[in-house]
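**Q** Take a look at the letters that make up each chain.
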Amino acid sequence: MTTTWNKPLPSIAGETKPFWDSCRRGQLVIQYCEDCDEYQWYPRGICADCWGENVRWVQSSGRGTVWTYTVTQQNRTTGFAEMVPYVLALVELEEGVRMFTNIVDCNPRDVHIGMAVEVTFQTATPQITIPYFKPAG
Amino acid sequence: MVDLRRAAAIVGIHEHVTRYSPDKSELQIQGESVINALNDAGLTKDDVDGLFTASSSIRNSGMNLADYLNLYPSYVDNTTVGGGSFEFHLSHALTAIAAGRINVAVITYSSLARSGGVSVGTGGVGRFGHPVLDPSPDSFEELYGLTTVGLYAMIARRHMHLYGTTSEQLAEVSVAMRHHASMNPEALFRDPISVEDVVNSRVISDPLHLMDCCVITDGGGAVVVASPEVARNCRHTPVWVLGAGEAIAHQGAGKRDLIYIAAHQSSPRAFEMAGVTHDDIDMAMVYDSFTITVVETLEDLGFCKKGEGGEFVSGGRLQVGGALPINTDGGGLSSNHPGMRGIFLLLEATRQLRHQFDGTGRQVPDCKIALAHGTGGALGSRHSGGTVILARD
Numbered sequence: 002m003t004t005t006w007n008k009p010l011p012s013i014a015g016e017t018k019p020f021w022d023s024c025r026r027g028q029l030v031i032q033y034c035e036d037c038d039e040y041q042w043y044p045r046g047i048c049a050d051c052w053g054e055n056v057r058w059v060q061s062s063g064r065g066t067v068w069t070y071t072v073t074q075q076n077r078t079t080g081f082a083e084m085v086p087y088v089l090a091l092v093e094l095e096e097g098v099r100m101f102t103n104i105v106d107c108n109p110r111d112v113h114i115g116m117a118v119e120v121t122f123q124t125a126t127p128q129i130t131i132p133y134f135k136p137a138g
Numbered sequence: 068m069v070d071l072r073r074a075a076a077i078v079g080i081h082e083h084v085t086r087y088s089p090d091k092s093e094l095q096i097q098g099e100s101v102i103n104a105l106n107d108a109g110l111t112k113d114d115v116d117g118l119f120t121a122s123s124s125i126r127n128s129g130m131n132l133a134d135y136l137n138l139y140p141s142y143v144d145n146t147t148v149g150g151g152s153f154e155f156h157l158s159h160a161l162t163a164i165a166a167g168r169i170n171v172a173v174i175t176y177s178s179l180a181r182s183g184g185v186s187v188g189t190g191g192v193g194r195f196g197h198p199v200l201d202p203s204p205d206s207f208e209e210l211y212g213l214t215t216v217g218l219y220a221m222i223a224r225r226h227m228h229l230y231g232t233t234s235e236q237l238a239e240v241s242v243a244m245r246h247h248a249s250m251n252p253e254a255l256f257r258d259p260i261s262v263e264d265v266v267n268s269r270v271i272s273d274p275l276h277l278m279d280c281c282v283i284t285d286g287g288g289a290v291v292v293a294s295p296e297v298a299r300n301c302r303h304t305p306v307w308v309l310g311a312g313e314a315i316a317h318q319g320a321g322k323r324d325l326i327y328i329a330a331h332q333s334s335p336r337a338f339e340m341a342g343v344t345h346d347d348i349d350m351a352m353v354y355d356s357f358t359i360t361v362v363e364t365l366e367d368l369g370f371c372k373k374g375e376g377g378e379f380v381s382g383g384r385l386q387v388g389g390a391l392p393i394n395t396d397g398g399g400l401s402s403n404h405p406g407m408r409g410i411f412l413l414l415e416a417t418r419q420l421r422h423q424f425d426g427t428g429r430q431v432p433d434c435k436i437a438l439a440h441g442t443g444g445a446l447g448s449r450h451s452g453g454t455v456i457l458a459r460d
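As given, the protein sequences belong to chains A and B, one line each in that order.
Counting in my numbering, the first sequence runs from 2 upward without gaps.
Counting in my numbering, the second sequence runs from 68 upward without gaps.
Take these hints with a grain of salt, some might be off.
Said to hold, decoys possible - If you anchor each label on the Cβ, the simulated ranges turn out as follows:
(1) Ala133(B) with Glu54(A): 58 to 68 Å
(2) Ser124(B) with Asp38(A): 23 to 33 Å
(3) Trp58(A) with Met68(B): 38 to 48 Å
(4) Gly53(A) with Tyr87(B): 46 to 56 Å
(5) Gln60(A) with Lys322(B): 14 to 24 Å
(6) Asp433(B) with Ile47(A): 47 to 57 Å
(7) Cys51(A) with Tyr87(B): 50 to 60 Å
No lab work stands behind these hints: they were computed from the structure.
Backbone N, C-alpha and C fix where the C-beta goes; we use that ideal spot for every residue, glycine too.
Generate the whole structure from the sequences, applying the supplied hints.
**A** So this is what it looks like as structure tokens:
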């Protein structure tokens, strides 16, 4: 299927490439520091907590809860103007880190803080697959 | 730490009163503001040795401003951390003056946010066409339609969830600011409003309504900061810098509790340096990009406990005559908000400490000590917080 993705696309650096490669395989990965036992988000080439270098990729359960959210009614940006109302949220993964996302596949009015959600993926381009969250099944 | 109290003073101010200025460049507005602020101080172009500015639209703002003004400053700082940049500038100017590097600093800013048609709050980075995103953090955020108002709305939603804060309480902030604006002939909006007006205005990003959001205007201004030796010979009573604190709040590797904002870090630093307590503060200038910004800032500055901000802002407490008058010019919610508003906090605090409005309802009676807190960026992602404490003799 050919689609035209009219929303922004990520740029990929060496330190973030494993994340985007995993998304393309339908897996959400985050980073874990062997030295200080901390998870971190967003992915980076150092441990943001102890500044060590023993950061490894681990598969997230892909499950979490809505930490907070807003139902966006106005956004003039191409790609999002057509989407309103949409839910911008911070989801707290079971591993304890929070990431920006959209809550999809549900009525925005049904979203609430603490709501159980799970990751879902959308293919943007042959190279880029983007993680979103939907109500847990 | 070296005692920096009263090591520098605000001696000259100018607010460019325009709210819509399609026929002037940003640099012209800054130039006119600097000239008028120096006149206000009784100083001249030759006295200026420090130049401080921030811009989100002028490339290399420090260099280009020096060129436009035909100045050769020995100290230049274009720290740009969003709306709070100018509280950072005052903090930096204090240090530079105390160290003897400079004697007279000019801080200036302008923006054509309104005539330029910038949808500051409701356009993402792609409002002028999708740019190439930085690999991080943008590539993990801008995919999801972040807006400035949305990033504040998320924190408002969390605040309501944790503490029971209501839309009506947030609306009280807008009502108080409009009351002050009604006494400011330059304010963009001056007709009184009610809590009902605010909560019945359309939702921009739930739970924030149109009237929970600041206005968008053109505008600019300048502040002249000087050493004590220079300050004592200027036209007006000096407005001394007692303390300054700076902070950045960010995602903290995905683990920061974002309900605490940068003011939580910057406020203790400023109060400790100033050697004053909250009870000593006669009025405050609190960055009011959105109503929730004021509630969160007052809590994290320490004027009330975390979670009690909704109650604190209600019942007229923020108005002149109330427990803590704030934003007596009408604030960003009613007076002006040209992109980054932090410089206007310094201007109105100085006017209050000069007792410029004596005999009118806008003057905070016997105003001796004022606090200004600038917030720049977004509460939900990352932002700056600059706290300064100012006093008259």
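**Q** Where does the structure disagree with the numbered hints, that is, which hint numbers, in rising order?
**A** As far as the earlier hints go, 1 and 2 are violated by this structure, in ascending order.
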